[in-house]
Amino acid sequence: MASPLPIDNTPIRVAALYRFATFDDPAALRGPLLAACREGGVRGTLLLAKEGINGTIAGAPAAIDAVLDHIRSLPGCADIEVKFSGAVTMPFHRMKVRLKQEIVTMGQGDLDPGTNAGVYVDPADWNALIADPDTIVIDTRNDYEVAVGRFEGAIDPKTPSFRDFPEWFRAERERLLGEGKQPKVAMYCTGGIRCEKSTAFLKAEGVEEVYHLNGGILKYLETVPEELSMWRGECFVFDQRVTVGHGLALGSYGLCFACRRPVSAEDMQSEHYEEGVSCPACWDERTDEQRAAYRERQRQEELAMAQGRAHVGAVLPSQLVKDEEPEPEDHS
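Okay, so the sequence shown: first residue is 1 according to the UniProt record's numbering, each after it adds one.
Where hints are given, some of them may not hold.
Stated by the list, open to error - Computed list of lysine to aspartate or glutamate pairs in EDC-like fashion (alpha-carbon distance at most 20 Å, straight line):
id : residue 1 : residue 2
1  : 181       : 132
2  : 83        : 122
3  : 83        : 239
4  : 181       : 205
5  : 50        : 110
6  : 50        : 81
7  : 219       : 122
8  : 184       : 174
9  : 50        : 79
10 : 158       : 174
11 : 83        : 65
12 : 203       : 110
13 : 203       : 112
14 : 219       : 152
15 : 184       : 208
16 : 203       : 239
17 : 203       : 134
18 : 219       : 125
19 : 96        : 110
20 : 203       : 179
21 : 96        : 25
Hints listed in this document are in silico derivations from the structure and should not be mistaken for laboratory results.
Computed from a prediction, not measured in an experiment: that's the story for all the values here.
Kindly generate the complete structure, drawing on both the sequences and the hints.
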């Protein structure tokens, strides 16, 4: 998968987007949306649920614009925010539009982040909020993401999945909030979607003063000067950049293609690290048979790259007319 780049002078435009909105019948939206994407050769994954839309797509600039026009015509999506980057080659194998119960999985029923999320805080105002002694700061991301970097003083729930966040909060609520006047609660995530939903969850749990970082860590790193920053470390991102730093500069981590976790230079020196096969974090989670399969996949991809042909999983033109059944996928 090609690494996202600045959009200037790149043939492929990558658009990452999400929007909490009310879709009464997301299944009826799927076919027209998939057709709009395939008409222009756009690829990627879009998730549809009653609570909205989430995903990343890539294609020629004019084709991306056409798909975004279609998405903006959906209920509640007229002013959807989109994060753009560029790529030299197509970063996705195929186009998928999947139906989901949630666009980011928390498993807490009918939360309504579209109308009941916490207070949005712009990056320029974030430092003052989290420096306030009456504020507690909670990182809503997964444990392997927090290990790479976090805001100074932030609480790490040590949750392996966003689905685990509600149980963690309920177990820790008394310790976090105490008796009497409740502190303000500020939460953040990579791009905004998880902290937006988690603030709706806390409000549903009766927490009154809840805030979240508008645009997430990425917007903060993009706009706040490093000398003023309260961010420490790097930020894990869900693409081939793996991690980024201030100014969204490329970070120092690699990626384990077996478990999708970040891999440091120190990790790469471990006897349990093998490119495309394993890393110290997942060595005990996989069998020898699984590692053998990963090793063969890695060999095939390296061979395809050396021969200059599409690697396993690429979509041929004749396959583009085939519809795909929705499959479970966690974009949290």
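Given hint residue 81 paired with residue 50 - CA-CA distance at most 20 Å: Cα-Cα ~19 Å, so holds.
Restraint check for residue 181 with residue 205, where alpha carbons must lie at most 20 Å apart: Answer holds: residue 181 to residue 205 is near 16 Å, not above 20 Å.
Given hint residue 65 paired with residue 83 - CA-CA distance at most 20 Å: holds, 13 Å
Holds or violated: residue 219 to residue 125, with C-alpha atoms at most 20 Å apart: Roughly 12 Å between the alpha carbons, so the hint for residue 219 and residue 125 holds.
Proposed proximity, residue 174 with residue 158 (alpha carbon, max 20 Å): holds, 18 Å
Given hint residue 122 paired with residue 219 - CA-CA distance at most 20 Å: The given pair, whose Cα atoms are some 9 Å apart, holds under the 20 Å limit.
Satisfaction of hint between residue 79 and residue 50, Cα-Cα up to 20 Å: holds, 18 Å
Residue 203 paired with residue 179 [C-alpha distance capped at 20 Å]: holds, 18 Å
Satisfaction of hint between residue 152 and residue 219, Cα-Cα up to 20 Å: holds, 17 Å
20 Å Cα cutoff - pair residue 181, residue 132: holds, 15 Å
Satisfaction of hint between residue 112 and residue 203, Cα-Cα up to 20 Å: holds, 10 Å
20 Å limit on alpha-carbon distance, applied to hinted pair residue 83 and residue 239: holds, 13 Å
The structure does not agree with the numbered hints 16 and 19 stated previously, though it agrees with the rest.
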